[in-house]
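Fit chain B to the known structure of chain A by using the hints.
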Amino acid sequence: MLNGSTFIRRELMIRIVRAFDDGTLETELDQIPIKLRPKNSVASRCCVYHDRAILKYRLMALLGVSVEDETDESKSLSAYYAEKAWGGGVAGHADAPHTPLSVCGPACSGCPDAKVVSTPNCRGCFARPCVYNCPKKAISVVGGQSVIDQSLCIKCGKCITACPYHAIVKTTVPCEDACPVGAIRKNEHGVAEIDFAKCIFCGKCFAACPFAAVMERSQLVDVLAAMKRGEKLVAMVAPAAARQFPGKIEQLLAACAKAGFGDVMEVALGAEMTTAHETEEFIERMEKDPKTFMTTSCCPAWVNLVGKHLPALVDHVSLTPSPMVYAREIVKAKDPDAKTVFIGPCVAKRSEAKRKDVDYVLSFEELGAILAGRKIDVIACEPWPVERPANPTARNYAKSCGVTEAVLTEATAKIPGFKLDAKQINGIDRKTCAMVKLYAAGKMPVNFLEVMACPGGCQNGPCSLA
Amino acid sequence: MEKIKVEICCGTACYLLGAANLMSIEDEIPAEFRDKVEIEARTCLELCEKENLGGAPYVRFNGEEIMAQATSEKVLARIEELVGGAA
Numbered sequence: 001m002l003n004g005s006t007f008i009r010r011e012l013m014i015r016i017v018r019a020f021d022d023g024t025l026e027t028e029l030d031q032i033p034i035k036l037r038p039k040n041s042v043a044s045r046c047c048v049y050h051d052r053a054i055l056k057y058r059l060m061a062l063l064g065v066s067v068e069d070e071t072d073e074s075k076s077l078s079a080y081y082a083e084k085a086w087g088g089g090v091a092g093h094a095d096a097p098h099t100p101l102s103v104c105g106p107a108c109s110g111c112p113d114a115k116v117v118s119t120p121n122c123r124g125c126f127a128r129p130c131v132y133n134c135p136k137k138a139i140s141v142v143g144g145q146s147v148i149d150q151s152l153c154i155k156c157g158k159c160i161t162a163c164p165y166h167a168i169v170k171t172t173v174p175c176e177d178a179c180p181v182g183a184i185r186k187n188e189h190g191v192a193e194i195d196f197a198k199c200i201f202c203g204k205c206f207a208a209c210p211f212a213a214v215m216e217r218s219q220l221v222d223v224l225a226a227m228k229r230g231e232k233l234v235a236m237v238a239p240a241a242a243r244q245f246p247g248k249i250e251q252l253l254a255a256c257a258k259a260g261f262g263d264v265m266e267v268a269l270g271a272e273m274t275t276a277h278e279t280e281e282f283i284e285r286m287e288k289d290p291k292t293f294m295t296t297s298c299c300p301a302w303v304n305l306v307g308k309h310l311p312a313l314v315d316h317v318s319l320t321p322s323p324m325v326y327a328r329e330i331v332k333a334k335d336p337d338a339k340t341v342f343i344g345p346c347v348a349k350r351s352e353a354k355r356k357d358v359d360y361v362l363s364f365e366e367l368g369a370i371l372a373g374r375k376i377d378v379i380a381c382e383p384w385p386v387e388r389p390a391n392p393t394a395r396n397y398a399k400s401c402g403v404t405e406a407v408l409t410e411a412t413a414k415i416p417g418f419k420l421d422a423k424q425i426n427g428i429d430r431k432t433c434a435m436v437k438l439y440a441a442g443k444m445p446v447n448f449l450e451v452m453a454c455p456g457g458c459q460n461g462p463c464s465l466a
Numbered sequence: 001m002e003k004i005k006v007e008i009c010c011g012t013a014c015y016l017l018g019a020a021n022l023m024s025i026e027d028e029i030p031a032e033f034r035d036k037v038e039i040e041a042r043t044c045l046e047l048c049e050k051e052n053l054g055g056a057p058y059v060r061f062n063g064e065e066i067m068a069q070a071t072s073e074k075v076l077a078r079i080e081e082l083v084g085g086a087a
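Sequence order for the protein chains is A and B. When we follow our numbering, the leftmost residue of the first sequence carries the number 1, and every step to the right adds one. When we follow our numbering, the leftmost residue of the second sequence carries the number 1, and every step to the right adds one.
Since the hints were derived computationally from the structure, they do not count as laboratory data. Since we're looking at a predicted model, the values are computed, not measured. Backbone N, C-alpha and C fix where the C-beta goes; we use that ideal spot for every residue, glycine too. A couple of the hints might just be wrong.
In silico lysine to any residue, SDA-like type, Cα no more than 25 Å apart, as pairs [as the list claims (entries may be wrong)]: (1) A:Lys258 / B:Lys74; (2) A:Lys232 / A:Ala333; (3) A:Lys399 / A:Ala333; (4) B:Lys50 / A:Asn3; (5) A:Lys375 / B:Thr43; (6) A:Lys248 / B:Ala41; (7) A:Lys431 / A:Lys248; (8) A:Lys258 / B:Cys44; (9) B:Lys74 / A:Ser76; (10) B:Lys5 / A:Ile379; (11) A:Lys375 / B:Ala20; (12) A:Lys375 / B:Met67; (13) B:Lys50 / A:Lys399; (14) A:Lys375 / B:Glu81.
Under 10 Å between C-beta atoms, here's a sample of chain A residues computed to sit facing chain B [as the list claims (entries may be wrong)]: (15) Ile14; (16) Ala413; (17) Pro416.
Chain A on its own, in the form it takes in the complex:
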């Protein structure tokens, strides 16, 4: 979704690609914040100097640097750039961030803690449904205005629904609200901080923060540098790519090839293998114990959630590798020296890539920046001559229910009349998290549980364009 946060991120990415291609990135990096916010220009925050400071941190994150790890404030962006020794043949994944997210303290607004408050819309009415509906007797009317005693309020929201004037509202801390696992909290300085021991890298805080204080640690420049070194990079494009860019998926593949990737492929081809193996695994598990259940393994945020928060479910997660991992195998079988680049809409894939030896991950935004910087329009590209298109069920992996349908189709073809008792968790939030905890405690109602961290599936991932 386009807003001020996505706009500035994409603008900076495109500037980086252009400067890199001009060979001027190292010298230009430190100029970008000043160029974008010259003195006397209109500031987005208190002043252009604050804006510039944050732009510097944004560029740091785009260089892959963790903003939290900054020790020397005087260090220039060009120094960070030089330090990474790009061009020196540093292996991509050795340099890949363990923690793909980073919070920029100076950008964080330190939103006030969530509370239920009465606004001047209150007319101090006669019926006073807020007062009558409050289970804690926290509301009184003083001087014709409702007042909520914060020491008594439990934020149940009954007054909010009761008020006919919409005079009572709940304020929120968007990042804390969005985090399904309570991993982001304000620290002693009142600034948001991610507890990486809890974080599942779903990217919900990244998408939710209205101040764009949560940043992704990018591998954009790593990829550009590897291309420049002449390494063969293979673009593995996720099924969620459909409808992200104008044009067909084959045209997007062609655009990737034109942009400098040595080869291109649809990750959906890997999804076909995931379907085949996952179906087999499911049938096997059911034969062993008809009362057991299995849950999907393709969503990395879900796998992280189970690993970090739901130990009781660990044995139920399918052992079948994700489409990305199979796609990597296909690439490596063809050319063991090729470097793999997963291109998708996902933050958590960055953590999975690190574990599974995928060299680089780019978001659709970052790919878009490369295409924009190199003046490649997807709709102007001739479709890439794929050996064969991936089958439709595999291309549907990016949608909620997609995996379920793929496994069901495959299983029914093998065993006519096969029964799959499936349920889908369409988006991980606190509510579904609590539900899954109940499942983990032995109350699983089905034998096949598909979980997608993003509502609607990967196509609505935190780094999607559409």
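Using the frame of chain A, we list chain B on its own:
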């Protein structure tokens, strides 16, 4: 009367920076103006380089007038003005 020509830049830079939201503009034009306007989705007009990247997405009217940071509201309002002026 010549039709008003509206070129929407659908180059990747403009697309990323907001032109994606302009794709449905043809359906938003009031019925009485429809035959007076010609909307064209164009590949990169290179305004993001000649002008300023931050000005994307760009729309060009009648081959010369450039609108930066175009939104469907702004484009529709300008179409209305141009149609009014031409009538």
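Which numbered hints fail: Result: hints 1, 3, 7, 9, 13, 14, 16 and 17 break, sorted rising.
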